[in-house]
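Chemist: All chains should be built: construct the whole structure from the sequences, respecting the hints.
Number of protein chains: 2
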Amino acid sequence: MSEPASSPLTLPKGFQTAALAAGIKPSGKSDLSAVVSDTDCVWAFAGTRSTTAAACVTRNREVYAAGGPVRALVVNAGNANAATGKRGERDNADIADALGSVLNVDMDGVLTASTGIIGHPLPMDRVLSGVEHLPEDLGTDAAAFATAIMTTDLRPKTASANLPGGARIVGVAKGSGMIHPDMATMFAFVFTDAAVDGPGLRAAFSAVVARTFNAVTVDGDTSTNDMAIVLANGQAAEVALTDFLPALETVMRDLARQIARDGEGATRLLTVRVSGALTEAEALTAARTCCVSPLLKSAVHGNDPNWGRVIMAVGRSGAAVNIEGMTVAVQGNPVFAGKPLPYDDAAVSQSMKAEEVIFEIDLGVGGASGEAWGCDLSAEYVSINADYTT
Amino acid sequence: MSEPASSPLTLPKGFQTAALAAGIKPSGKSDLSAVVSDTDCVWAFAGTRSTTAAACVTRNREVYAAGGPVRALVVNAGNANAATGKRGERDNADIADALGSVLNVDMDGVLTASTGIIGHPLPMDRVLSGVEHLPEDLGTDAAAFATAIMTTDLRPKTASANLPGGARIVGVAKGSGMIHPDMATMFAFVFTDAAVDGPGLRAAFSAVVARTFNAVTVDGDTSTNDMAIVLANGQAAEVALTDFLPALETVMRDLARQIARDGEGATRLLTVRVSGALTEAEALTAARTCCVSPLLKSAVHGNDPNWGRVIMAVGRSGAAVNIEGMTVAVQGNPVFAGKPLPYDDAAVSQSMKAEEVIFEIDLGVGGASGEAWGCDLSAEYVSINADYTT
Numbered sequence: 565m566s567e568p569a570s571s572p573l574t575l576p577k578g579f580q581t582a583a584l585a586a587g588i589k590p591s592g593k594s595d596l597s598a599v600v601s602d603t604d605c606v607w608a609f610a611g612t613r614s615t616t617a618a619a620c621v622t623r624n625r626e627v628y629a630a631g632g633p634v635r636a637l638v639v640n641a642g643n644a645n646a647a648t649g650k651r652g653e654r655d656n657a658d659i660a661d662a663l664g665s666v667l668n669v670d671m672d673g674v675l676t677a678s679t680g681i682i683g684h685p686l687p688m689d690r691v692l693s694g695v696e697h698l699p700e701d702l703g704t705d706a707a708a709f710a711t712a713i714m715t716t717d718l719r720p721k722t723a724s725a726n727l728p729g730g731a732r733i734v735g736v737a738k739g740s741g742m743i744h745p746d747m748a749t750m751f752a753f754v755f756t757d758a759a760v761d762g763p764g765l766r767a768a769f770s771a772v773v774a775r776t777f778n779a780v781t782v783d784g785d786t787s788t789n790d791m792a793i794v795l796a797n798g799q800a801a802e803v804a805l806t807d808f809l810p811a812l813e814t815v816m817r818d819l820a821r822q823i824a825r826d827g828e829g830a831t832r833l834l835t836v837r838v839s840g841a842l843t844e845a846e847a848l849t850a851a852r853t854c855c856v857s858p859l860l861k862s863a864v865h866g867n868d869p870n871w872g873r874v875i876m877a878v879g880r881s882g883a884a885v886n887i888e889g890m891t892v893a894v895q896g897n898p899v900f901a902g903k904p905l906p907y908d909d910a911a912v913s914q915s916m917k918a919e920e921v922i923f924e925i926d927l928g929v930g931g932a933s934g935e936a937w938g939c940d941l942s943a944e945y946v947s948i949n950a951d952y953t954t
Numbered sequence: 565m566s567e568p569a570s571s572p573l574t575l576p577k578g579f580q581t582a583a584l585a586a587g588i589k590p591s592g593k594s595d596l597s598a599v600v601s602d603t604d605c606v607w608a609f610a611g612t613r614s615t616t617a618a619a620c621v622t623r624n625r626e627v628y629a630a631g632g633p634v635r636a637l638v639v640n641a642g643n644a645n646a647a648t649g650k651r652g653e654r655d656n657a658d659i660a661d662a663l664g665s666v667l668n669v670d671m672d673g674v675l676t677a678s679t680g681i682i683g684h685p686l687p688m689d690r691v692l693s694g695v696e697h698l699p700e701d702l703g704t705d706a707a708a709f710a711t712a713i714m715t716t717d718l719r720p721k722t723a724s725a726n727l728p729g730g731a732r733i734v735g736v737a738k739g740s741g742m743i744h745p746d747m748a749t750m751f752a753f754v755f756t757d758a759a760v761d762g763p764g765l766r767a768a769f770s771a772v773v774a775r776t777f778n779a780v781t782v783d784g785d786t787s788t789n790d791m792a793i794v795l796a797n798g799q800a801a802e803v804a805l806t807d808f809l810p811a812l813e814t815v816m817r818d819l820a821r822q823i824a825r826d827g828e829g830a831t832r833l834l835t836v837r838v839s840g841a842l843t844e845a846e847a848l849t850a851a852r853t854c855c856v857s858p859l860l861k862s863a864v865h866g867n868d869p870n871w872g873r874v875i876m877a878v879g880r881s882g883a884a885v886n887i888e889g890m891t892v893a894v895q896g897n898p899v900f901a902g903k904p905l906p907y908d909d910a911a912v913s914q915s916m917k918a919e920e921v922i923f924e925i926d927l928g929v930g931g932a933s934g935e936a937w938g939c940d941l942s943a944e945y946v947s948i949n950a951d952y953t954t
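Chains as they are written, first to last, in the working numbering: chain A, 565 to 954; chain B, 565 to 954.
Using 16 Å as the maximum straight-line C-alpha spacing, the simulated EDC-like pairs for lysine to aspartate or glutamate come out as follows:
| hint | chain 1 | residue 1 | chain 2 | residue 2 |
| --- | --- | --- | --- | --- |
| 1 | A | Lys903 | A | Asp926 |
| 2 | A | Lys589 | A | Asp689 |
| 3 | A | Lys903 | A | Glu888 |
| 4 | B | Lys903 | B | Asp926 |
| 5 | A | Lys650 | B | Glu888 |
| 6 | A | Lys903 | B | Glu653 |
| 7 | B | Lys903 | A | Glu653 |
| 8 | B | Lys903 | B | Glu888 |
| 9 | B | Lys589 | B | Asp689 |
| 10 | B | Lys650 | A | Glu888 |
Restraint-style ranges between C-beta atoms, simulated for each label pair:
| hint | chain 1 | residue 1 | chain 2 | residue 2 | range |
| --- | --- | --- | --- | --- | --- |
| 11 | B | Gly889 | A | Glu944 | 35 to 45 Å |
| 12 | B | Asp807 | A | Tyr907 | 48 to 58 Å |
| 13 | A | Gln914 | B | Asp701 | 43 to 53 Å |
| 14 | B | Gly631 | A | Pro763 | 56 to 66 Å |
| 15 | A | Lys903 | B | Gly889 | 52 to 62 Å |
| 16 | A | Glu944 | B | Asp670 | 51 to 61 Å |
| 17 | B | Ser571 | A | Ala911 | 39 to 49 Å |
| 18 | B | Ser591 | A | Pro906 | 20 to 30 Å |
| 19 | B | Arg719 | A | Pro906 | 33 to 43 Å |
| 20 | A | Glu920 | B | Asp701 | 49 to 59 Å |
| 21 | A | Glu888 | B | Ala911 | 57 to 67 Å |
Chain A side only, calculated, beta carbon under 10 Å to chain B, not exhaustive:
| hint | residue |
| --- | --- |
| 22 | Ala883 |
| 23 | Ala884 |
| 24 | Val885 |
| 25 | Phe900 |
| 26 | Ile948 |
The set of hints was computed from the structure by calculation and includes no laboratory data. The beta carbon of each residue, even a glycine, is placed where N, CA and C say it ideally should be.
Modeler: So, in structure tokens, the structure goes:
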């Protein structure tokens with residue numbers, strides 16, 4: 565199979581990228597890549613809360629806590645370097661050290677990310693040899709980077725936004741399976757040449773993650789390697805956080821929806837909008853519980869307007885609900901308002917044969933709202949995952 | 565299709581059952597049934613914690629809180645009578661009232677249970693006409709009852725145990741999909757002619773439920789109608805709780821495993837044993853999170869010893885773990901002990917082609933243990949659920 569085509573997307577000012585096939589993926593596709601800024605970046609980070617987090621997440625979290633600037637990010641796809649013991653921790657640090665050496669940057673200025681199978685040591689000879697050659701072929705196309713970080717993704721995922729003063733935001737993500745981020749994400753890397761307030765960005769980042777990447781689910785399985793990073797090198801223009809954060813959220817939301825749509829085996833995007841909740845957190849929980857329900861996902865796959873599964877999923881989410889005041893609509897068709905409403909089964913089923921299937925739910929107890937994204941569950945998901953290692 | 569064959573199983577002394585086809589299931593199979601004791605029963609109950617629980621759960625919970633004895637249980641399959649508004653509540657009460665009338669028992673001595681599709685009013689003319697005819701054909705075979713309460717179950721589920729003094733316990737359950745009980749269960753009805761201490765039984769029941777039905781998962785979706793009930797009419801012999809509770813747990817555990825094995829689309833039983841946990845609750849959570857993981861379930865389906873997915877699932881469960889002291893074995897083959905262990909991929913994969921696939925996990929932090937049960941995820945699950953209503 566050839567790699568998927570993607571339109572070129574120029575990185576913000578001062579950022580460059582390189583990718584090559586180091587021989588980690590058995591397919592021989594590109595699997596090792598880096599993004600480098602030629603000046604220091606302020607940054608923000610969110611990593612998985614999994615108690616079995618991979619070495620890359622643990623180390624990036626430590627670097628983040630230290631508070632210094634960073635210059636580069638190196639990513640390998642095809643091997644998660646998770647559950648690989650002390651050797652995995654050393655390998656991860658060695659990769660940061662190696663890229664730091666060739667770039668002449670301190671290793672604390674280099675972040676790492678690994679994705680792929682869990683529990684296999686990295687082929688370090690090939691990885692380190694690849695890292696040495698990375699800086700030989702630096703370019704500015706974010707799409708090449710987006711392609712190199714893919715595993716079972718079918719499409720590279722990029723999004724961008726323009727900011728006041730000519731600054732830009734470019735985001736890149738990967739997703740597919742084991743997608744149910746917990747206060748972090750799959751991989752989402754966002755680059756900007758805006759000069760922004762670093763402490764303010766750090767403080768605001770987790771709320772933006774909660775409404776975007778943490779509102780995505782493919783299968784309810786939280787990866788050991790999830791992370792979201794934004795790097796700002798300040799080379800273009802100063803941008804106030806009040807302008808920057810909405811643009812950042814738009815880019816992250818766009819990437820989050822792309823991840824859901826490209827979930828393993830997915831044939832369509834599932835969007836669940838919850839209103840009338842007591843709090844935004846409860847709205848997001850109810851919406852995401854609907855998106856992760858295999859019964860609702862199967863119904864979406866079969867164009868089956870089985871809204872009873874929405875009632876079930878909301879009920880198990882724990883969000884406060886007043887069922888007598890609760891309403892549910894499928895693709896704009898009201899189907900429940902405290903009791904079942906009459907509707908045309910065939911017509912609603914037909915309306916579900918769309919690229920995006922939208923459920924709107926009002927919990928009838930408050931004024932908060934939230935939105936989550938998932939995908940349908942197909943037999944293809946099972947066949948992709950029943951034989952991943954062997 | 566003919567109904568599945570099952571061996572007759574006599575109910576404990578003083579209990580009788582009847583079942584008929586009231587016309588709720590489109591298939592014309594038996595769908596309305598009751599179990600009646602000819603004397604008062606002490607009892608224990610656990611119902612779903614779903615915030616959108618069905619009328620039968622809500623009413624039984626109220627009857628339980630009132631503290632009186634009960635005499636009968638009436639069950640319909642094919643319609644959950646959930647999310648049916650005030651009408652559904654009235655219909656549910658009317659069913660209890662109708663059976664109470666023909667049995668000449670107060671309606672507060674009649675429990676109800678409904679299972680099937682959510683959001684459709686019951687065909688009350690057919691249901692009430694069926695209830696009137698139920699007492700005409702009372703018998704003592706629990707298997708007929710087990711068959712009448714089935715929906716997409718492939719096999720009726722029964723289990724029994726003998727007690728000192730000639731008393732017996734007979735349990736009946738149903739499961740299939742939307743199985744991830746939250747402090748309750750799918751349907752599990754347990755009958756005994758032992759005379760037991762009622763308040764003691766009530767007090768102990770939730771702990772037994774936690775280790776049995778609440779340790780089962782098919783798809784992570786918690787039903788609106790889950791309940792577990794034990795009825796004791798005391799007609800055979802007095803039995804101390806110290807003798808009764810272990811026998812009850814054995815019966816409930818047997819039923820729980822049958823529910824997992826007969827999960828929608830399942831081809832084998834998945835058992836996860838966790839040791840070395842800080843608390844029993846954490847052990848059970850870690851074990852059940854493994855059992856619900858679609859990635860691990862898919863791997864089991866494909867005989868793929870992809871133990872990295874165990875590391876992932878334990879990590880997202882939130883249970884405390886020391887990954888350096890953690891161990892994982894698949895079908896008795898050690899695959900991880902703080903780091904990946906060498907093993908024969910083909911041989912371990914071959915060993916997974918069994919009726920039961922067992923993962924043993926030690927979290928390396930404490931002395932508590934727990935066990936959970938699930939099933940593999942097959943393409944069949946999707947096809948069963950993609951077209952349930954239409």
